[in-house]
Amino acid sequence: MRIAVCLKLVPASTSDIRVAPGGQSLLLAGVEMAVSLYDEYALETALCLREALPGSTIHALSIGGEECVKCLQHALALGVDSVLHIRAPGADSRAAAKLAAAALRLLELDLVLCGRQACDDDLWFFPGALGEALGWPHLSAVSSVAADGDKRAVECRRRFEGGEQFIHAPWPVVISCDRGPHEPRIPMLKGRLAAKKMPVPVKTTSELGIAAADLTPALAVLRYAPPAQRTPKKVFTCPPTDAAAELVRLLREEEKLI
Amino acid sequence: MNTLAVIEHAGGEPDGAVLEVLSVAHSLARQSGGVVSAFVAGPLGSDVAGYLAGWGVDKACVAAGGVETYLPLYWAQLIADTARAENAVVVLLRANALGRDIAGRVAARLGGALAADCVGLSVVDGKVRLERPVFSGRVFVTAEFSGPGPLVATLRPNVFSAEMPDKPGAGRVVTLAAKVAQASGLRRNPEDCATVIATELARDTGKHLELSEATAIVAGGRGVGSAEGFRMILELAEVLGAAPGASRAAVDAGYAPHALQIGQSGKTVNPALYVACGISGSMQHLAGMRTSKCIVAINKDPGAPIFRFCDYGIVGDLFDVVPALIAQLDRTIWDGQRKMRCIVPLKERRRQ
Numbered sequence: 001m002r003i004a005v006c007l008k009l010v011p012a013s014t015s016d017i018r019v020a021p022g023g024q025s026l027l028l029a030g031v032e033m034a035v036s037l038y039d040e041y042a043l044e045t046a047l048c049l050r051e052a053l054p055g056s057t058i059h060a061l062s063i064g065g066e067e068c069v070k071c072l073q074h075a076l077a078l079g080v081d082s083v084l085h086i087r088a089p090g091a092d093s094r095a096a097a098k099l100a101a102a103a104l105r106l107l108e109l110d111l112v113l114c115g116r117q118a119c120d121d122d123l124w125f126f127p128g129a130l131g132e133a134l135g136w137p138h139l140s141a142v143s144s145v146a147a148d149g150d151k152r153a154v155e156c157r158r159r160f161e162g163g164e165q166f167i168h169a170p171w172p173v174v175i176s177c178d179r180g181p182h183e184p185r186i187p188m189l190k191g192r193l194a195a196k197k198m199p200v201p202v203k204t205t206s207e208l209g210i211a212a213a214d215l216t217p218a219l220a221v222l223r224y225a226p227p228a229q230r231t232p233k234k235v236f237t238c239p240p241t242d243a244a245a246e247l248v249r250l251l252r253e254e255e256k257l258i
Numbered sequence: 001m002n003t004l005a006v007i008e009h010a011g012g013e014p015d016g017a018v019l020e021v022l023s024v025a026h027s028l029a030r031q032s033g034g035v036v037s038a039f040v041a042g043p044l045g046s047d048v049a050g051y052l053a054g055w056g057v058d059k060a061c062v063a064a065g066g067v068e069t070y071l072p073l074y075w076a077q078l079i080a081d082t083a084r085a086e087n088a089v090v091v092l093l094r095a096n097a098l099g100r101d102i103a104g105r106v107a108a109r110l111g112g113a114l115a116a117d118c119v120g121l122s123v124v125d126g127k128v129r130l131e132r133p134v135f136s137g138r139v140f141v142t143a144e145f146s147g148p149g150p151l152v153a154t155l156r157p158n159v160f161s162a163e164m165p166d167k168p169g170a171g172r173v174v175t176l177a178a179k180v181a182q183a184s185g186l187r188r189n190p191e192d193c194a195t196v197i198a199t200e201l202a203r204d205t206g207k208h209l210e211l212s213e214a215t216a217i218v219a220g221g222r223g224v225g226s227a228e229g230f231r232m233i234l235e236l237a238e239v240l241g242a243a244p245g246a247s248r249a250a251v252d253a254g255y256a257p258h259a260l261q262i263g264q265s266g267k268t269v270n271p272a273l274y275v276a277c278g279i280s281g282s283m284q285h286l287a288g289m290r291t292s293k294c295i296v297a298i299n300k301d302p303g304a305p306i307f308r309f310c311d312y313g314i315v316g317d318l319f320d321v322v323p324a325l326i327a328q329l330d331r332t333i334w335d336g337q338r339k340m341r342c343i344v345p346l347k348e349r350r351r352q
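Just so you know, the protein sequences line up as chains E and V, in that order.
With this note's numbering, letter number 122 in the first sequence gets 122, and the count goes up by one each step, no holes.
With this note's numbering, letter number 335 in the second sequence gets 335, and the count goes up by one each step, no holes.
Chain E extracted, bound-state conformation:
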């Protein structure tokens, strides 16, 4: 099967993201960047599927400025078959879906994998928008994917509130990945060094036939703000029974929560 994986470079999940004075921008210079967590699950899913169906190929794609070559080198180090960098600095999820669809259409794919959400804009927009642009169905926040090469279909599991769904979907389909049964593998040093020497093909937005007007951000940012700070009202260090009694009183009488 021919599989594409869409990867986004985002600030590492442990990095501290500060708002510039005035709230008009974010201080992202020097912040460590990494492949978005759920995109890593998507890549892991692709690698597992290729192992299960010999002869399959994986094509990794990343959209953004020069920095997203890092995502593609990560994918190359893990042994994907080809990569493509779509140069579109500042593209938002809506623009990215249009660009990805234009590039992926040329690849005759069976399956496109991505993360359930990007760990920067947290929009959950890309998978549905990509499915729509390709005219394919999409399955979102899927926790496991098994492929049946004869039936040309995938069997997926997906959590919803209060249960789990088992889904049968013929190819082609867009699948967004949640945390699955396998943790993302980490490339070996040898693979990483080799990947740095491999060429990364680039396409521009105009080469993909997408006009600048189609790339306008969907939302205009007015300001950024850090989350509200919380100061502990009371931290108990007294014996547990006393602490429990006082806490329950506070939650009942002061907070009116119980």
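It is worth saying that the hints were derived from the structure and are not from the lab.
Being a predicted model, the structure only gives us computed values, none of them experimental.
Ideal Cβ positions, reconstructed from N, Cα and C, are used throughout, including at glycine.
Where hints are given, some of them may not hold.
Some chain V residues judged to face chain E by a derived CB distance under 8 Å, without partners named [to be verified]:
1. Leu73
2. Arg105
3. Pro133
4. Ala143
5. His208
6. Ser212
7. Val315
8. Leu325
Given the structure of chain E, go ahead and fit chain V onto it with the hints provided.
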């Protein structure tokens, strides 16, 4: 500015999350002189019109077929068609599994924009203004939308207050086109490009309350030490009428299933009360719970980061503190009369 509220419902009385969506739809329409429509997926009981009118709905567009079936393209198509027909400028959904699944598709189909997990929505100078968390809650962004196309927004649960409007809406009911409504059950709509079939649904066995929209949560971390230790978390959750949750460390160690995981690579929750037991408070865990209204931390390490993000803390061994809390709550809430396996949500119990 016309609004469309997507009411996804499995029957009976709508829960708080549905009412939050209706309230926001009404408030936006009122601010800008528009009409409130509701897209109703699934049965709402007999007096749909009256009920929704009471919540300010002018027109209810009812679709056949249960929400328990997985038909994202079917719902996306119906919702997009309804949004067009009603000339909706804002389409509102819950930020749950179904809402998140179809919102992006609906936005793309309508050529509009998506804003997920909104914690604020208003109309300012004829434009929709929204506030939402980004970077896993490390930053909040305020943004403006002025088209083209409608804004599709999912709402973070337990943020907006559900307020019944003074004046009821017109409450007309329209049943959506028969050719689409025929596609009930697990069969797909023939005109749909979908070939996706949900082959099976496995309902959780109802042992405890569901996390995503819970108003109270008790979560256990690595500190619980074992699956046996996690039972204490389940019991505290029961006493409180809370949903149990777990940190990634507890899930990875096998103390709790992944369905209970809170934080990055798990669920994002926003309860009124969050009790963190034996959770140190990593950035990834905070990402999933930091907007909770009241956070209680129990940890034996006074230097644990969670103590900087809580409202109340107890420094102590959770194997001493949690049983003491359970005993105290048993006396205070239940007068010692608690029945085991009590799973009444906190909010509903307070109403009784």
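How the hints compare with the structure:
no.: 1; hint: Leu73; in the structure: holds, 6 Å
no.: 2; hint: Arg105; in the structure: holds, 4 Å
no.: 3; hint: Pro133; in the structure: holds, 7 Å
no.: 4; hint: Ala143; in the structure: holds, 4 Å
no.: 5; hint: His208; in the structure: violated, 10 Å
no.: 6; hint: Ser212; in the structure: holds, 5 Å
no.: 7; hint: Val315; in the structure: holds, 5 Å
no.: 8; hint: Leu325; in the structure: holds, 4 Å
In the structure shown, a violation is registered for the earlier hint numbered 5 alone.
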